[in-house]
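Residues per chain are reported as follows:
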Amino acid sequence: MSESKEKSCGCGGCGCGSAPAAASKSEQRRGFMFKVGAGLLGVGGLLTALPIVSYLIGPATKRFSNIWVNLGATSSFPAGQTRFATFLNPIRQPTDGDSAKTACWVRCIEAGQFQVFAINCAHLGCPVRWFEQSKLFMCPCHGGVYYQDGSRAAGPPPRGLFEYAWKVEGDALLIDAGRLPGLEESV
Amino acid sequence: MNFLKGSLAWIEERTGAMAFVAPLMFHHVPRNAKWWYVFGSATLMFFTIQIVTGVCLATVYAPSAAQAWQSLNYIDTEVPMGWMLRALHGWSSNAMVVMMAIHMLQVFLHASYKYPRELNWITGVFLLLTTLALAFTGQVMRWDQDAYWGLGIGAAIADRIPVFGDQARALLLGGPIIGGETLNRFFALHVFVLPGAAIALVGLHMVLIIKNGISEMPKPGAVVVPSTYRKEFEERMHKDGVPFVPDAAQRDMVFCGVCLIGLVALAAFYGPFGPGGIPDPTLINTNPRPDYPFMWLFGAVSLLPPASETAIMLIAPAIVVLVLVAVPFLSNSGERAPSKRPAMVLLALVTVTAIAALTWEGTTSPWSPVMDGWSSLPTPSEFTKGRTPLEMQGAVVFQFAQCRNCHSLDGRGGKRGPALDDIATRLSYDQLVRQVQQGGGNMPAYGKNLDSAQTAAVVGFLSTLHPFNEPDAMTPGAQLPLPSGAATIR
Numbered sequence: 001m002s003e004s005k006e007k008s009c010g011c012g013g014c015g016c017g018s019a020p021a022a023a024s025k026s027e028q029r030r031g032f033m034f035k036v037g038a039g040l041l042g043v044g045g046l047l048t049a050l051p052i053v054s055y056l057i058g059p060a061t062k063r064f065s066n067i068w069v070n071l072g073a074t075s076s077f078p079a080g081q082t083r084f085a086t087f088l089n090p091i092r093q094p095t096d097g098d099s100a101k102t103a104c105w106v107r108c109i110e111a112g113q114f115q116v117f118a119i120n121c122a123h124l125g126c127p128v129r130w131f132e133q134s135k136l137f138m139c140p141c142h143g144g145v146y147y148q149d150g151s152r153a154a155g156p157p158p159r160g161l162f163e164y165a166w167k168v169e170g171d172a173l174l175i176d177a178g179r180l181p182g183l184e185e186s187v
Numbered sequence: 001m002n003f004l005k006g007s008l009a010w011i012e013e014r015t016g017a018m019a020f021v022a023p024l025m026f027h028h029v030p031r032n033a034k035w036w037y038v039f040g041s042a043t044l045m046f047f048t049i050q051i052v053t054g055v056c057l058a059t060v061y062a063p064s065a066a067q068a069w070q071s072l073n074y075i076d077t078e079v080p081m082g083w084m085l086r087a088l089h090g091w092s093s094n095a096m097v098v099m100m101a102i103h104m105l106q107v108f109l110h111a112s113y114k115y116p117r118e119l120n121w122i123t124g125v126f127l128l129l130t131t132l133a134l135a136f137t138g139q140v141m142r143w144d145q146d147a148y149w150g151l152g153i154g155a156a157i158a159d160r161i162p163v164f165g166d167q168a169r170a171l172l173l174g175g176p177i178i179g180g181e182t183l184n185r186f187f188a189l190h191v192f193v194l195p196g197a198a199i200a201l202v203g204l205h206m207v208l209i210i211k212n213g214i215s216e217m218p219k220p221g222a223v224v225v226p227s228t229y230r231k232e233f234e235e236r237m238h239k240d241g242v243p244f245v246p247d248a249a250q251r252d253m254v255f256c257g258v259c260l261i262g263l264v265a266l267a268a269f270y271g272p273f274g275p276g277g278i279p280d281p282t283l284i285n286t287n288p289r290p291d292y293p294f295m296w297l298f299g300a301v302s303l304l305p306p307a308s309e310t311a312i313m314l315i316a317p318a319i320v321v322l323v324l325v326a327v328p329f330l331s332n333s334g335e336r337a338p339s340k341r342p343a344m345v346l347l348a349l350v351t352v353t354a355i356a357a358l359t360w361e362g363t364t365s366p367w368s369p370v371m372d373g374w375s376s377l378p379t380p381s382e383f384t385k386g387r388t389p390l391e392m393q394g395a396v397v398f399q400f401a402q403c404r405n406c407h408s409l410d411g412r413g414g415k416r417g418p419a420l421d422d423i424a425t426r427l428s429y430d431q432l433v434r435q436v437q438q439g440g441g442n443m444p445a446y447g448k449n450l451d452s453a454q455t456a457a458v459v460g461f462l463s464t465l466h467p468f469n470e471p472d473a474m475t476p477g478a479q480l481p482l483p484s485g486a487a488t489i490r
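Chains as they are written, first to last, in this note's numbering: chain C, 1 to 187; chain X, 1 to 490.
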């Protein structure tokens, strides 16, 4: 304590770095040790933070590609009609439960010609419903309306319904599905 | 008694606890700080209840997308007093938001945010944001259809962020879909991150209250002068102040007691919130709605013009937060009395009115089609009396083509489009045909979906819809009805 009294910097030996040039040896050592400590902690902190941050932003950096999913026999989608279909999301996780189930609308224009629409409204993602009588999709949230070909008919959606890529293999109708459809992608 | 005193002295000598607590309890507060000042305490009380009931619920709740909904039903039906704990947690959450809003309004109206209490206000703003985040993540914990599709709306908004939309959405959902990792992400926020932040902020808020004192009731003419305020305030408190315990605390105690009894009554009488339908996204006959603290946002999002809604949805929240934080910097001295700050009173009034109106709009959501209007609503009998078979057929087409989902007759049906009770006084036969076939004005075109016979029928029906004694609409440019004298000449 006597050392700090001798100092004239007025900071009471707080180690603020304004010690006079004639500081004692032990004080110099203390300043060095402080720097080493700060450096080691910094490096260690960075090394610890790296896996934590990568873990937390993992969902944004990991790439998920869609996978072809079987929606069933083409004969279950009669020509000229739009039918409701469900499938288990191919990129589901073990803890997803019911939320891995996914719905879509399958329109068979004519035999072998399909359009498969995501259930999510292009406005804010609510599930659209098909009305056979008026041949319209309507959204219960904000009144988005789409024609039977998925194009926007009325309401706030900025575009038509999201469409899945489809193909027919043998007798089965397959769609390229997985990710939740969004504006940034064509799905 | 002596033993008790001795024990306390023993503890005090080793901890200094009383020396620490005494200023918290007995610091002087303004004598005129009466019932206006109870709302902050009530907010803190409800937050404490949230922590206690939340920890209790976490002992049974399964934070897993596969089991959360089932575990909530288990808590509601099987766990002793489980339903009551969920009811208390839900009602106390709403009460906390309401009390915080009233507290904030009082502080704003009395300009208590002025020097030296700028940081009291700013920590309060962050407490508000944290509380709203707790309310939103809490709604997700319910893991029902509202939670699922509410997350869908959140994802769709995140998706609209330019360039990083995809990544922002993935961070929000914890993956490419709404699923198990989404719930767990929100669970971690709801029970670890946000309560931790709230506790830290409450602590900071308290430290600032002790440091800066509770502001006096505003008086016209009693202006805040930063250079002299603190000294004069401390002198006034020393001379004229009263100790927080018991003079001010007794009012807090009375108010909090009444609130607490009210909370238990509400919870016992109305029970817990949800859970609603099972979170199976293939069950699409759902009508997602947010909880009450967000109903005004739901209303606002619905009423935005589509062309600018992306910009507004992304930028407006940042602007609101910025303005709230800036409040004490925009004016931190001068008058505090509401009577001397009419513009600020008006601003508060407009804000409260706007939030109330948007909440009402969100609750009634007139922009949403009535999805079962076409199949569940009867045609009012006065609209079928004396109609020709073609017009009756038109009434049938009107129902079956889902017109009723967006248009009301006799007050029942969708409010998305105009009510059609007197449509024939506004649109002529030709205009009706055009409107049905080509749509427009936010109505889909029915041209391809109705054949000509159906169109003729439905327009026939619509052109009978006018009140007795009111004339039909005329097509502009068509022959005007001649004056009664002219008719005889012709």
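Bear in mind the hints are in silico, worked out from the structure with no lab data behind them. One or more of the hints may lead you astray.
As the list claims (entries may be wrong) - The list that follows gives simulated cross-link-like pairs (lysine-lysine, BS3-like), each with its CA atoms no further than 30 Å apart: (1) K101(C) / K62(C); (2) K448(X) / K167(C); (3) K448(X) / K135(C); (4) K211(X) / K135(C).
As the list claims (entries may be wrong) - Only part of the chain C face toward chain X is listed, based on derived beta-carbon distances under 10 Å: (5) F77; (6) P78; (7) A79; (8) G80; (9) T102; (10) A103; (11) P127.
Heads up, the beta-carbon is just placed ideally off N, CA and C, and yes, glycines get one too.
Quick rundown of the hints versus the structure:
no. : hint              : in the structure
1   : K101(C) / K62(C)  : 22 Å, holds
2   : K448(X) / K167(C) : 28 Å, holds
3   : K448(X) / K135(C) : 9 Å, holds
4   : K211(X) / K135(C) : 67 Å, violated
5   : F77               : 17 Å, violated
6   : P78               : 18 Å, violated
7   : A79               : 17 Å, violated
8   : G80               : 13 Å, violated
9   : T102              : 6 Å, holds
10  : A103              : 4 Å, holds
11  : P127              : 4 Å, holds
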